[in-house]
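Residue-level listing of the chains:
There are 4 protein chains.
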Amino acid sequence: MNSSFFSDMLQTIADRGRALIARDRRSPTEQSSANLVELCDQLLSGRGEASGVALASEILAHYAEATSGARVALFESLASKFGPDHGRLGAAIEAWRASPTDVTAAAVHLAAEPRRQELLRRLNLAPGGTAALVRMREHLIDALERRADLAPVDRDFVHMFSSWFNRGFLVLRRIDWSTPASVLERIIRYEAVHRINGWDDLRRRIDPPDRRCYAFFHPALVDDPLIFVEVALTREIPGAIDPILAAQDEPLQKQQATTAVFYSISNCQRGLAGVSFGNFLIKQVAEEIAREHPKLARFVTLSPVPGFAAWLRRERAVENSPTFKPEERAVLSKLDSPGWWRNDPLPLKEPLLRAATWYFLNAKTRNGAPLDPVARFHLGNGARLEQINWLADTSERGIAQSYGVMVNYLYELDDIEANHEAYAQQRTVVASSAVTRLMRTPAAKLASLF
Amino acid sequence: MNSSFFSDMLQTIADRGRALIARDRRSPTEQSSANLVELCDQLLSGRGEASGVALASEILAHYAEATSGARVALFESLASKFGPDHGRLGAAIEAWRASPTDVTAAAVHLAAEPRRQELLRRLNLAPGGTAALVRMREHLIDALERRADLAPVDRDFVHMFSSWFNRGFLVLRRIDWSTPASVLERIIRYEAVHRINGWDDLRRRIDPPDRRCYAFFHPALVDDPLIFVEVALTREIPGAIDPILAAQDEPLQKQQATTAVFYSISNCQRGLAGVSFGNFLIKQVAEEIAREHPKLARFVTLSPVPGFAAWLRRERAVENSPTFKPEERAVLSKLDSPGWWRNDPLPLKEPLLRAATWYFLNAKTRNGAPLDPVARFHLGNGARLEQINWLADTSERGIAQSYGVMVNYLYELDDIEANHEAYAQQRTVVASSAVTRLMRTPAAKLASLF
Amino acid sequence: MNSSFFSDMLQTIADRGRALIARDRRSPTEQSSANLVELCDQLLSGRGEASGVALASEILAHYAEATSGARVALFESLASKFGPDHGRLGAAIEAWRASPTDVTAAAVHLAAEPRRQELLRRLNLAPGGTAALVRMREHLIDALERRADLAPVDRDFVHMFSSWFNRGFLVLRRIDWSTPASVLERIIRYEAVHRINGWDDLRRRIDPPDRRCYAFFHPALVDDPLIFVEVALTREIPGAIDPILAAQDEPLQKQQATTAVFYSISNCQRGLAGVSFGNFLIKQVAEEIAREHPKLARFVTLSPVPGFAAWLRRERAVENSPTFKPEERAVLSKLDSPGWWRNDPLPLKEPLLRAATWYFLNAKTRNGAPLDPVARFHLGNGARLEQINWLADTSERGIAQSYGVMVNYLYELDDIEANHEAYAQQRTVVASSAVTRLMRTPAAKLASLF
Amino acid sequence: MNSSFFSDMLQTIADRGRALIARDRRSPTEQSSANLVELCDQLLSGRGEASGVALASEILAHYAEATSGARVALFESLASKFGPDHGRLGAAIEAWRASPTDVTAAAVHLAAEPRRQELLRRLNLAPGGTAALVRMREHLIDALERRADLAPVDRDFVHMFSSWFNRGFLVLRRIDWSTPASVLERIIRYEAVHRINGWDDLRRRIDPPDRRCYAFFHPALVDDPLIFVEVALTREIPGAIDPILAAQDEPLQKQQATTAVFYSISNCQRGLAGVSFGNFLIKQVAEEIAREHPKLARFVTLSPVPGFAAWLRRERAVENSPTFKPEERAVLSKLDSPGWWRNDPLPLKEPLLRAATWYFLNAKTRNGAPLDPVARFHLGNGARLEQINWLADTSERGIAQSYGVMVNYLYELDDIEANHEAYAQQRTVVASSAVTRLMRTPAAKLASLF
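Chains as they are written, first to last, in this note's numbering: chain Y, 1 to 450; chain F, 451 to 900; chain L, 901 to 1350; chain Z, 1351 to 1800.
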């Protein structure tokens, strides 16, 4: 009830963060990376926390002003100079070999820790430190593309972030039309799946009674969401995205909805790549919606199939691929003519759906997981492949990456655990009978299935 | 401004926490520790997060119901069965010895990590997990007294807590008469230095215009403070505690105060022992008060001297101790008679003050730090020993632990850094000239100094 | 969701109010009432709002410093000098008589308005003005006791307050253990029916899962409640107050409760006497609880019978009163011996219950309403007299005012409207058949009824 | 600090309001006005509050569904049937004439009150009643245009609103980029002076460090502002509007600003026309900004001159008008050619500025006030006419209504009271010496003055 007491808490964090940013602006002197590395050395060697916080703030302020070159130079130093202390590690290892106990193992553990981990911990003590380190990792990720030698630094960032962005510290908030504009603006910017075209489009997605949007926040980032999901309440499992994104004349009333459709999930912080929140988000949102609408019967996604078109092109180049019957291969060649879906596409339906089914059930990565990344995510969460939809997304991107195919994954609360275990243990792709039947269906009957 | 958005966040966490507690009540079946260990094994071996959260919740719920014996048995298992995997560690070490690079060192680091660290991380994923783990550590600390073999488990708890209770996630809140009663009740309970006698006494400490109280909170514990400090605004550096605790007829008005006195700091969470917040708290509160009262000239403490009486008794037993002149030793023997301070104590003033000065400047631990723990804390923070006060705390405890002596530590913003470094590097005890002069003062003049 | 936006609003009002109080303190010069009246004249004659607010603030500040004598002198002036302008009224009346239209009537209306009404409106423009005027009326009520000539002034206060404390501006808040201490302190102080003995007693009334407390607040008084009600959730309609007030070993769980008992309603602001909130409060709280506990079957009060003992004493003095049978009158004389209820009281049960029934059904005021004021309140709200309880309140006050009798009024949602109308039209006392049967019951059978 | 307690209050009101609106939707049956009048009669005749609230809600729900014709019919009934009771008034007047005391005058006052005032009070008891009545008055204002006979009804609305929207209940809130989108959307919609072109334009006006926006809210309307003002912080008194509305490359930092410019004030609620808030708003915002920026030296407006062009056209038609010298009249004729300001306008500067000065100082309404409505508002508030600006607003509207002229009014805290009184008593137009000098300046020198 008296939430303001706790609200003020977070406000305080926000103010601190802004103070840091303001300070950045005030110190516009260019700093050499040499200087940065030196300061980092000082920070690590200092024994007390008292001066440490000030030093950490100074480092982050300098970093914020640094050029791209100076940043990469800092990352290089982190990789080369702030690894483990091999001398100390050698000694600890000798001690363990002499007497391999938990105590000597603990010493080995400590000695083997890259020194940059402690550096990150101390930088995090600065006001606004967490946000600054997330931004730093964005730069690191960019640098990684050409500098594989920085990968160990990146692993340490992920290790620290996993601890700090522990699920226990995430907070789920509903996003609606009474959310502060500063947050909504970020939602518009971060939407990664189905682009939001300005404030009116945003409002269509969060304000009507049959739309929901939820995001995870973290106290240290305050008004900057980590991940969010958009949901539509519908009567049926939807087979296409356009009706969901379009302006509606008459929204569904609460009691008319039977199905919650998760049609877009966007990660917001590039700097937190590799720290996963989506699994928790979907389940917590499903609980939230179920509490509010006890009569909702189904939770499904309407998901893209990002790897399908590329895979299919490759498959079609393979002679004697078991994916198609010979006659299908010919039909599928129509896919190469631009705008094919506007021009009598029906003959393509069967072969395309059958190919997609094959893609989901049989196309695997080297370690046996499904080739499709979105499939890996939802199946790993315990969802089931429920339905494959033809001409479901005819946007430019939809055609380009999946020949318009979209799928629904079903989150059935009673089965999630079992599905998840089956997938985790044996990479089993759990699919509805409608989908598996597709594989066995004589071409003639296929068309009537969906 | 729109803090409610973020307030609701924390409210959400609070609700989750309560939900967990509520669930505990609902599952009253007694659980054996064997069962607990088995569940922990399952939790560690599980690959996916999906079932992990449910399992973690179940473990914490069972733990909450467990008997004291079952708890200790769990801790034993954590110590003996959830240490590092020595086989894996041996292999990693061989690889490092064959090729001692950062990459093989990283593998060693990973292999040397006690498995219980990952266990704690996974338990923390349960709703209310952090609070439950803090409670678990309280039990562990109790068990530690007779079970030194559990120390490695405790170190891992401290390691995890240091990361989770990172200073960047702490929030400073003022505590006053408009604070929720549920928080105030805890302040009464947690006050460890000068006991609060009920709500009227509490109000005297937080409501008048010349009193302040601030606490650190953490999002995962919501309305349960981590540490708090009580402050009095005064005209002078106070030489005794009673005038500060007594009911005042007329509180000081804002513009009359020149000095902020930190007269009580209490840690609230026994389960977080070893994770230090006090240093940050004092500095942040000083900043807060300075912002509000730009004319305040001084920030001092009025602190107990917990080790003084015990040390003095030991010193008096040492023949030829350099601490006293022979004639002083005789006078000090009066301290052994009960109620000495009520009965012409003046002749004791000089020798006692001189002994106290000696205690602060010369009595050291084995590694060269001051013997007094409170002195170590404030000097380590960069404060200076400013004033030693005679008959400053004549409560039973005050007489018993320090013959009534209290001291003021001064936090002078401009000197904090230098003082801290001097202490951190060479264990220098920075003291005011008034204090150091005490050591050199002819007895006759001493009395007039304070 | 984003309630903080609106929370800050009210915070702003609170700050203003405090600023006013602070200002009062700063102007300690004693002000004569002559001066006050003069300032009021200025305030009324001023044309613009600009200077008006400052003037209103000044008047209220002076008033806050005024002696009791000066206050009464001000009230006298309000009565004698700030009534309607009879000259202007005479002219308006002549105009109406010449042409009795709505337009001339409006002019009469305006001219007949006592000038002090406009004065109160302008005083209310000062920051904190509403609260100051509520305090002013407290003084006026005190003065009224000996000064009936001030009654018209009082009527104008009530007229203004009825508009400002319009039900539409009242806000219902739950009071629980997370409510700010500053509010809880007032709840302790304002409880008028069953005294709250300190904070532990308070907690017993608001914190357990089977207790509720709700209050109405008004934006202009911020953290000062207008009225509050205490509720117990029980399995049965309670027949006595002690079990409800006592510490409970085991509170009822939510799903076990069938009955909500309103056992105490307290008006908080003496200065708002005559502006009624209780009716709205009971109904809104009943709705609130019903929403939270859809299975609750009954809403009843456990109410005092403040006029019963005095009436019974008078009745017993009346010869041939139809209230008793002759043999009962003799039995009832036992009531005159102190401590009668501790000493074989059973023979008194029948006659006392029958007398109470008679009191409720037949004892009337001059205009035909029930003699009992609490009965008038609940019956007027549409409740029904459900049950009369013997030895239900044996506190000193309970015995003194009602020989220990308490009653339950039942709020049956479906009947409220009809009951209310029956009472409003014909002063019908709607009572349960159990109560009405009491009147007709042979003495012998009565005892078994309750 | 614990503002959430009070925040929840307003949230509650908001919920109620939405509940009412929701209910409206659910009862789509068309209601005749006859029915409405009948229900109003019932509401007035009912004695108890119990059924009254339900009845009031029903009336407002029916009203919300009513056609425009039915609404006007209701207003007619309010005018004709719900005026004062002339019979009762006649009796009261006779009593007063027999004995003209305050008591009989009070009876006259009561009897002369139009019955619709009590009706409005009772309607206001419905949840969401205040907002519904504000909407009802919007309809009434529309109807008034052709139905002067409804004016008395309108006066009663204003009378009630003046009491309910008492300044003491208004809350000032800063509007910025963290304000809920639902509020910001209304700011865009309500801006009446310088149109806001979408969300990006809005952000330019509220987010930069040298821009401010504040609004008054009322608890009963929750997230719907009553009036708001836009402010720019600048170095100089601005002489034109475009630089303020344009996107800025580099906003002013806090310490650089010397002047706060109120460049737009918009009333939001058409239904509250006649209840004035602007005076309070400007002064409270000035205080707020002064608290935040103690070094700000000046508070000025940049205001339109809506009546100037029309007046000047009339003046130019008057032969021998003292407003111009003969040669000026010829020059001013250039104003009639479209786009005159783009085509060597300089010769117009002198005569136009002199004419504007004359307009402000000498052009009066019948009762002696300045002809310009904006001038009346600011001069009435105690501001001073500080500067007249040439080609300050070349928007279509700016040219059309004032030939591009804008003025600055200066709010000098020390002079406000005196200016206000001078204006209130003698309609004195207080103007800076720069302005008054304009009147006396030889044409040749005028150009260099501004």
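Note that these hints are calculated values from the structure, not bench results.
Please read all numbers here as calculations on a predicted model, not as lab measurements.
Positions of the beta carbon are idealized from the N, C-alpha and C atoms, including for glycine.
Each hint should be verified, as a subset may be incorrect.
Across the chosen pairs, the derived CB separations fall in these ranges [as the list claims (entries may be wrong)]:
id	chain 1	residue 1	chain 2	residue 2	range
1	Z	Ser1687	Y	Arg270	54 to 64 Å
2	F	Arg764	L	Asp1101	25 to 35 Å
3	F	Lys531	Y	Leu413	28 to 38 Å
Does the Cβ-Cβ separation between Lys531 (chain F) and Leu413 (chain Y) fall within 28 to 38 Å? holds, 34 Å
Range hint 25 to 35 Å (beta carbons of Arg764 (chain F) and Asp1101 (chain L)) holds or violated: violated, 50 Å
Is it true that Ser1687 (chain Z) and Arg270 (chain Y) lie within 54 to 64 Å of each other by Cβ? holds, 59 Å
The earlier numbered hint that this structure contradicts is number 2, and it is the only one.
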